[in-house]
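6 protein chains.
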Amino acid sequence: MAVVVRNTTRTGLDIVDALGRFGVATIHEAQGRTGLFASHLRPIYRPARIAGNALTCEVAPGDNWSIHVAVEMARPGDILVVTPTSPCDDGYFGELLATSLIAHGVRGLVIDAGVRDVAELTEMGFPVWSKSINAQGTVKETPANVQTPIVCAGAYVRPGDVIVADDDGIVVVRREDAEGVLGASQQREDNEQEKRQRLANGELGLDMYSMREKLAQRGLTYSDESDA
Amino acid sequence: MAVVVRNTTRTGLDIVDALGRFGVATIHEAQGRTGLFASHLRPIYRPARIAGNALTCEVAPGDNWSIHVAVEMARPGDILVVTPTSPCDDGYFGELLATSLIAHGVRGLVIDAGVRDVAELTEMGFPVWSKSINAQGTVKETPANVQTPIVCAGAYVRPGDVIVADDDGIVVVRREDAEGVLGASQQREDNEQEKRQRLANGELGLDMYSMREKLAQRGLTYSDESDA
Amino acid sequence: MAVVVRNTTRTGLDIVDALGRFGVATIHEAQGRTGLFASHLRPIYRPARIAGNALTCEVAPGDNWSIHVAVEMARPGDILVVTPTSPCDDGYFGELLATSLIAHGVRGLVIDAGVRDVAELTEMGFPVWSKSINAQGTVKETPANVQTPIVCAGAYVRPGDVIVADDDGIVVVRREDAEGVLGASQQREDNEQEKRQRLANGELGLDMYSMREKLAQRGLTYSDESDA
Amino acid sequence: MAVVVRNTTRTGLDIVDALGRFGVATIHEAQGRTGLFASHLRPIYRPARIAGNALTCEVAPGDNWSIHVAVEMARPGDILVVTPTSPCDDGYFGELLATSLIAHGVRGLVIDAGVRDVAELTEMGFPVWSKSINAQGTVKETPANVQTPIVCAGAYVRPGDVIVADDDGIVVVRREDAEGVLGASQQREDNEQEKRQRLANGELGLDMYSMREKLAQRGLTYSDESDA
Amino acid sequence: MAVVVRNTTRTGLDIVDALGRFGVATIHEAQGRTGLFASHLRPIYRPARIAGNALTCEVAPGDNWSIHVAVEMARPGDILVVTPTSPCDDGYFGELLATSLIAHGVRGLVIDAGVRDVAELTEMGFPVWSKSINAQGTVKETPANVQTPIVCAGAYVRPGDVIVADDDGIVVVRREDAEGVLGASQQREDNEQEKRQRLANGELGLDMYSMREKLAQRGLTYSDESDA
Amino acid sequence: MAVVVRNTTRTGLDIVDALGRFGVATIHEAQGRTGLFASHLRPIYRPARIAGNALTCEVAPGDNWSIHVAVEMARPGDILVVTPTSPCDDGYFGELLATSLIAHGVRGLVIDAGVRDVAELTEMGFPVWSKSINAQGTVKETPANVQTPIVCAGAYVRPGDVIVADDDGIVVVRREDAEGVLGASQQREDNEQEKRQRLANGELGLDMYSMREKLAQRGLTYSDESDA
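Protein chains in written order, with our numbering: chain A, 1 to 228; chain B, 1 to 228; chain C, 1 to 228; chain D, 1 to 228; chain E, 1 to 228; chain F, 1 to 228.
Pulled out of the complex, with its shape left as it was, chain A reads as follows (with noise of 0.2 Å):
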């Protein structure tokens, strides 16, 4: 019963080089704190960054068949994104695969489940994250749906929505959005580079975010440690 939709539309990669100049925590909050997967995917290695079209595969428990159907749909600037249809922290991904992806354009993998060959992975520079790190294969049994909106540690992620990840975690943009989360994370840096230097110069967030009246009405006091 398993499905492979071809010809899925993506995101211009135009729009996702640029998205992928911000960091994870910037673009989750300029598109209103949605879209982020669960803090429990990891990169194999550090520092990583990449950006790409969401390229969807589940996979049945410890069967990482239809991995091998979704390299055919794979675009070059795709991000590979993997879930498994009940939890699974087997190795369902190495080397091999990874030259396979790397052949056809593909950026790195998101997967919430293991990866396997590691030392390979970080070698070659392919970007991976994972829920864990397992020598345990996995076998080829059952298909499962490719390139359907999927649920990835917590996050509902269509065919060609923008994926970005960094040291930080994994952040999902719908299609449709991409465009003005752009611009809004554009706006939050532009912001941010004032806001570090005064702070750099010693400014307190209290004041230089007016907090002090605010803070007060929300109940809080001060008192002396010999006041105690």
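FYI, nobody ran anything at the bench for these hints, they're computed from the structure.
Worth double-checking, as some hints may not be accurate.
Any copy will do: because identical chains look the same in the list, a pair fits if it lies in one copy or spans two.
List time: in silico DSS-like cross-link candidates among lysine-lysine, alpha-carbon distance up to 25 Å [to be verified]:
{"#": "1", "residue 1": "Lys131", "residue 2": "Lys214"}
{"#": "2", "residue 1": "Lys214", "residue 2": "Lys195"}
{"#": "3", "residue 1": "Lys195", "residue 2": "Lys131"}
{"#": "4", "residue 1": "Lys214", "residue 2": "Lys140"}
{"#": "5", "residue 1": "Lys195", "residue 2": "Lys140"}
Chains B, C, D, E and F: place on chain A using the hints.
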């Protein structure tokens, strides 16, 4: 109902810095195996080692407002120790707050929650021990206590207690015990130096520590594989 | 009631070292996907790869006494494999014990518990795979078995079985299977070399492994986005 | 930036109630093994079984304000489905809110977070599936979305999708699939009734499902203990 | 180096028993949302509710010796509160110790570790809140502190502080705060009684608590599904 | 490559049933504190207690095919012990398989994975110890070994070893040790009966076990609160 306590007592930086020359494991043993933080707090980069006065700070779940309040209480040589009032993995802290803390002489952060901007924090050399790394940011709606006694990752910490953190973990030394623990730590280290040399020469711990008789009393026996 | 078994059989170091040239994932597949340790054991530094004879050691919770007993049983080329008799995250092992093991030719440590002094162990180049890093030390009150069969992180290990550990995890090869597994591992690796080249050239796994027909039989279908 | 969507479409209660006669496992299989919530959600008492229209609700971490907003959107036959915008174990929900929901015809609660007053909820017979039980309450400072699509415990849920929950877990059936899944569930159950009788009579599944040949093809062999 | 403190102060049982009439959630709120134990401690049977004076006891990992020491310190109306000096899931406590505690008037056990004999404890009606249920017993080799301040499951507890435990969790009330918290708890409960009635009649919390204006100020908006 | 071993040796049911009169904790102690399964396996209903011969069965992740194979190997008095070849929480087992096992005299199930139909299994009175409860079903694509030695939840189990399970957990007794462990268990229980009575009368364990001198030797001291 949150309170900020001003003018809290601190431990002298000469003692703090002297304690910082010892590893966390040594100090923990030297003070009778007390004061250790739970091992789920891990450094965001390694190696890292710091010592400082505890600047304590509670935070509401998903809300980092009181960290901004804590910055004003910071003195050079402090380490910010943050605990959420209920468990939370959000990214409470990033490079803007680190910039601010550095400007006020704070040496690092210990937080039983998440942080973000870890690539930037690593580059800045601002050491952090955290429960998680997470791009998920926080709001500023609910203030919480600053510079009151807290429980952080299972350790009871009062403002001005000494915090020492390294690759193995984090330990708190009570203000009133700091000088005594310093002496006991030095003794342990002197003692270990001679043992290290003897072990490197192949001497057995069984002999060096005269364990054989006590092991026999506790029921240890030897047999040969061929006996089985 | 603890026992130490002396004069246990070991696997020849020529075979051990030959197995050590292969990755854990390769060996695991070559021996029918058996013998893997659970993936919660992770190296304290990367990259790391070792092979050796299992020197097995049980420890009581929070008590590392039997590790001292195990050192006397060590032979050059051994890997110390430690399992607690009930789950424990304490730091059972540090640089003094590592110094002692190195003096007796031990190549590394696999432990389903915690270790400390990881900065020093990293500097010494003594590889460790552990469940946690923890400054919490242990006592010496209760001896446990040394060189008896154990279950460590889900793997059944007998003294003198071969242990191979790398960045992906740890695998045990039974003494009596070592030579056969060596041959099968070599075959797998030879086989992969050719595939790697073809995948790098862009050939699809679907074609290289002739998967298309079998996938169709198992119910995989293709559609176009515009069909939806 | 939070939004409440009014006048959302619901599934007819005749179909909802008909689905509620089947177990979660049956429905999950009947719709192609999709739509299951993660198994960390557990009923606070057993046995329990309900079906209803999803009334979706996001909450900020440690903040249950939007649950109060959701009550106004409730219609008889709804099940409240709550997901925090970042993971949280706090006790978001207790007997006062249950009293209010019951007054508006809501049949139960599914929440990827904690609840409290479980003794009272059990006595009231208000069924709840939650991630934890926790006396820790919440604040009311930050509203979040109500009746928008959400991801809850790994399941993608839209307002008015059908939720069925029992002792085994929780499943969502998409509005547009509800009628078809109802038929398929009935078929599965009819089919199982006959099998149950045959198995009770001692017939082997191997024979009843004609598995022997396929097992042999997949490499299963038999030996006798005495052969070893 | 372990110490037992005799003749510790206790809270009057009239106040203890009066506090025991309120739920843990109510008391926790009434004392400013402090003093809660982590929610991983769960009752071994439900329903259960007790209140008593804390009889504090540390234990070494896998070693329950100091529980025997603590029994001698017990006074009628106490609740034994046990914390391991490093995390441990062993079954520290069973029906023999419960028999002994009951004989000395102890009302129950709170332990951040495991217990066993839960069938017998349930039959005896001896309430226990624990981290796990585990047949794995313990040794008696290493004494630890009794009746000293401890951290148990994240809560700071001193001998003679009041412990209240029910199906929702466990809370500690400081001796010196007990009377004040009693009054505040009564106030909360009186207040809730009227609200419960109004909610049961279908009044919305939004109206009863006058939340609508504040919600709008914080950015909540309403739309209709047909707008999307 | 999977194998089924026929005609395996079993332990006599007279010994099995005699062992089943003792609790798991008693047997575990009686055989030198060995053979316990990890405590994450929990009964789906309580109270429950069974004893039987281990019928061992491996399963592939997300695949319960070999359980069907195992049924044919069942003999009256067996307990099915199932372990996945890599960790998996899926619901491998439900009421149809239970119906089949009951027809062949199997007394219960121990599984380091998930089960479903727990309402039905509870009603049928078929006892199960599992890692999770999960409606997620499994496929039938990959057979695995039946009646070979396995590691299940950290315990090494061979076909025909004795399994005893109760509310506290699960223990395996080796075939060859069963008779000896039976005697040692009886001795422990006889011994406890007298102690129980003395403890119920208020006698202190400190005196009954003559612990005071040994505690003093190990460094336990007493002080009064007023000394502090």
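* If the cutoff is 25 Å on CA atoms, where do Lys214 and Lys195 land: within, between, both or neither? Let me know, please. => within (20 Å within a copy, 30 Å between copies)
Go through the copies and call it for Lys131 and Lys214: within, between, both or neither, with a Cα cutoff of 25 Å. neither (40 Å within a copy, 30 Å between copies)
At 25 Å max between alpha carbons, let me know whether Lys214 reaches Lys140 within a copy, between copies, both or neither. For Lys214 and Lys140, only the inter-copy Cα distance (10 Å) is at most 25 Å; the intra-copy one is 59 Å.
Review point. Taking 25 Å as the upper bound on the Cα-Cα distance, should Lys195 and Lys131 be classified as within, between, both, or neither?
Key: So Lys195 and Lys131 fail the 25 Å test inside a copy (35 Å) and across (27 Å) alike.
Query - Identical-chain pair category, Lys195 with Lys140, by Cα at 25 Å - result: For Lys195 and Lys140, the Cα distance is within 25 Å only across copies (17 Å; inside one copy 53 Å).
Of the numbered hints stated above, those contradicted by the structure are hints 1 and 3, listed in ascending order.
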